[in-house]
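Kindly generate the complete structure, drawing on both the sequences and the hints.
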Amino acid sequence: MEIPKNKCPLSKIPTHIAGMDEILEGGIPKNRTTIISGGPGCGKSIFGLEFLYLGAKAGQPGIFVTFEERAEAVKQNALTMGWNIDTLEEQNLLFIMEANLDPKTLISGDFTLQGLFSIIEGKARMMNCNRIVVDAVDILLRMYNDYNRERTEYYALHDWLSKRKMTTIMTVKSAQDHGQAERYEFLDFMADCVIHLDQRVKDQISTRRIRITKYRGSSFGRNEYPYVITESGLSIIPISTTGLRHKPLGDVVSSGNKRLDSILGGGYRRSSCVLIAGITGAGKTTLASTFIQSASQRDEKVLFIGFEESEEAIVTNMLSPGIDLRPAIERDKLRYLTALPEAMGSEEHLMRAINNIKSFQPDHIVLDAISACDRMGSRQTAFEFLIRLLNFCKENDVTCFLLNQTTQSMDIHQISGMEISSMVDTALFLGMVEVGGEINRMLLVLKSRGLSHSNQYREYMITNKGIELMDIYVGEGGVLTGAARQEQEAKEAANQRMREHQILKKKHELSHKEAAKQAKLAALQAEIDMNKAELEALMEEENIWHHGREIRGHLRGKSKDNNISISDDGRF
Amino acid sequence: MSQPNESNYMLKLFIAGNEPNSVQAIQNIQSILDSRIKDRYKLEIIDILSDFQAAMDNGVLVTPMLIIVEPTPETTIVGTMSDTEKIKAALRLS
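In order, the protein sequence lines correspond to chains A and B.
For what it's worth, our numbering labels the leading residue of the first sequence as 105, then goes sequentially.
For what it's worth, our numbering labels the leading residue of the second sequence as 3, then goes sequentially.
If you're looking for bench data, these hints aren't it; they were derived computationally from the structure.
Check each hint, because a few of them may be wrong.
To be verified - Pair by pair, the computed Cβ-Cβ distance ranges are:
| # | chain 1 | residue 1 | chain 2 | residue 2 | range |
| --- | --- | --- | --- | --- | --- |
| 1 | B | Asn20 | A | Met230 | 22 to 30 angstroms |
| 2 | B | Pro75 | A | Ala162 | 28 to 36 angstroms |
| 3 | A | Asp242 | B | Ile47 | 29 to 37 angstroms |
| 4 | A | Asp242 | B | Ser37 | 57 to 65 angstroms |
| 5 | A | Asp250 | B | Asp36 | 28 to 36 angstroms |
| 6 | B | Ser52 | A | Ile243 | 25 to 33 angstroms |
| 7 | A | Lys621 | B | Glu72 | 56 to 64 angstroms |
What the hints assert, rightly or not - Okay, derived cross-link-like pairs now, DMTMM-like style, lysine to aspartate or glutamate, Cα gap no bigger than 20 angstroms in a straight line:
| # | chain 1 | residue 1 | chain 2 | residue 2 |
| --- | --- | --- | --- | --- |
| 8 | A | Lys227 | B | Asp49 |
| 9 | A | Lys208 | B | Asp36 |
| 10 | A | Lys227 | B | Glu87 |
It should be emphasised that the depicted structure is a prediction, and the values quoted were computed from it without experimental measurement.
We put the beta carbon where it would ideally sit given N, CA and C, even for glycine.
In structure tokens, the structure reads:
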């Protein structure tokens with residue numbers, strides 16, 4: 105149970121669940137127990153089943169022990185994900201073992217789980233398998249109606265499985281969900297690897313998160329990662345874990361506009377992710393095309409993935425602000441990949457994009473526009489598409505330009521529209537404000553990672569010589585006023601509140617832990633006091649006994665030595 | 003349905019080798035049966051350690067486990083069979 109003393113790396117078994125092995129840095133521990141905990145409906149059983157199913161497909165037999173559901177129900181659920189369990193069962197590669205005890209069963213006296221062990225052992229030997237998923241064993245253990253006993257049996261089960269070198273996944277109902285965190289805390293100590301699944305509803309959208317809380321003898325991705333249950337199983341989206349493998353941001357490249365370069369602190373960073381947000385007509389495509397033109401002049405290649413306009417339309421439209429993209433296309437420095445989002449599924453979109461990146465080897469890609477990705481299906485699929493594409497680009501040193509169409513002209517809070525802001529290195533916001541009866545275009549650099557950038561609004565115009573930035577934007581009365589400032593203030597206030605909230609939350613957590621510690625200390629102290637008292641009592645008894653023996657000794661005539669003292673007493 | 007007292011009793015007791023619980027269960031059930039329905043019962047003792055298939059076919063997840071096959075309906079009792087009254091009630095002997 106200890107971390108192996110020899111330094112050889114822990115053996116792991118890949119789960120082959122999309123994205124999972126990346127955060128587990130290889131897979132779950134071999135011949136050991138992994139616990140998956142989570143509330144109802146968060147996919148614990150699917151996790152276990154998918155692990156066995158994918159293993160079985162690769163020729164590794166496995167047993168799925170279900171205490172909660174009928175085997176038929178498990179198989180049917182599997183079929184909805186296209187997993188045909190029956191075929192694998194016929195090949196002795198997978199076995200769904202129904203472990204339900206008749207609820208009418210009477211209990212008279214003590215019993216053990218030996219039956220369960222025998223069945224598993226017999227079946228495992230028959231199938232020559234050492235992968236097992238124990239799904240919701242708490243249902244069976246509840247029969248004991250005694251938590252200490254339940255705990256003992258968990259240990260017995262764990263012990264039995266480890267002795268047989270079974271690679272085990274045990275699913276456990278999340279402790280927090282029945283307010284008995286302490287009661288099941290021991291499970292986390294017992295297992296070698298603990299994965300927590302969590303489902304929460306935020307803004308009426310249900311999101312799922314996965315987190316590894318423990319991995320004995322191995323490092324792991326420590327963040328919370330979003331995951332989805334798709335038509336083909338679980339899929340984890342490692343947002344920041346791959347960050348470890350991401351190369352650092354590259355050198356600075358010009359945006360194609362000198363003034364913008366100076367605002368950005370030099371330009372864009374190579375292999376970074378640049379977000380350009382703004383309402384329709386704000387000049388997002390123009391800004392991106394400005395960059396494309398300058399990149400192609402440096403002999404760098406750009407892939408333009410368009411969901412909104414055709415290649416011809418974009419090239420023609422860009423002629424009016426004086427950007428001629430045709431030479432770049434002719435020299436094969438610029439390629440367009442256009443399709444309507446609805447044309448195919450997100451997976452297909454992703455594969456198409458990735459294949460094109462692989463074959464064309466661009467230095468940069470432009471995605472126009474991420475707001476259209478929602479139309480590939482749900483928000484979740486769009487999110488997944490983006491994250492995977494971004495990850496792929498980051499790993500391959502490709503700069504990503506994401507164009508996003510916002511609905512309100514000055515709504516800078518919503519620039520990314522999806523939860524990808526953590527991946528964005530540079531964020532540009534293009535807005536329009538009405539000042540003195542005219543609409544002015546405003547540009548703001550919200551973020552420019554790794555570069556010191558201007559934080560002021562700049563007015564810009566789209567001329568027939570491309571984008572032209574004006575001097576620092578000054579509102580009425582000579583200072584920055586109006587919507588711009590309010591937005592900035594609102595944003596800062598919101599950030600401040602968020603930080604305060606987080607600090608408060610941490611403080612609460614800490615004080616809870618402190619209180620728990622105090623309680624435990626007090627309990628220990630009480631135990632020590634009790635032991636001390638017992639010891640004192642024992643010593644007291646011992647003294648009394650010795651004392652008594654002396655007195656008895658005196659009475660039995662040993663008193664001769666003490667004649668004097670007795671006579672001193674005056675009674676003799 | 004015939005009177006339980008006149009019918010034959012068919013029981014299966016699943017045990018796990020000589021586990022203390024199993025040994026106790028055999029003693030307890032036999033003494034109950036012998037005291038009330040001697041010669042009118044058939045008790046089959048199955049050791050699941052040597053016959054896992056029987057455990058699987060009968061859904062024996064815990065041991066000791068007694069299945070009263072007859073009189074019907076089938077009743078399952080788990081444990082050391084220490085609660086004599088409960089066992090008698092299940093056998094409809096009380």
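Tell me the numbers of any earlier hints that the structure contravenes, in ascending order. 2, 4, 9, 10
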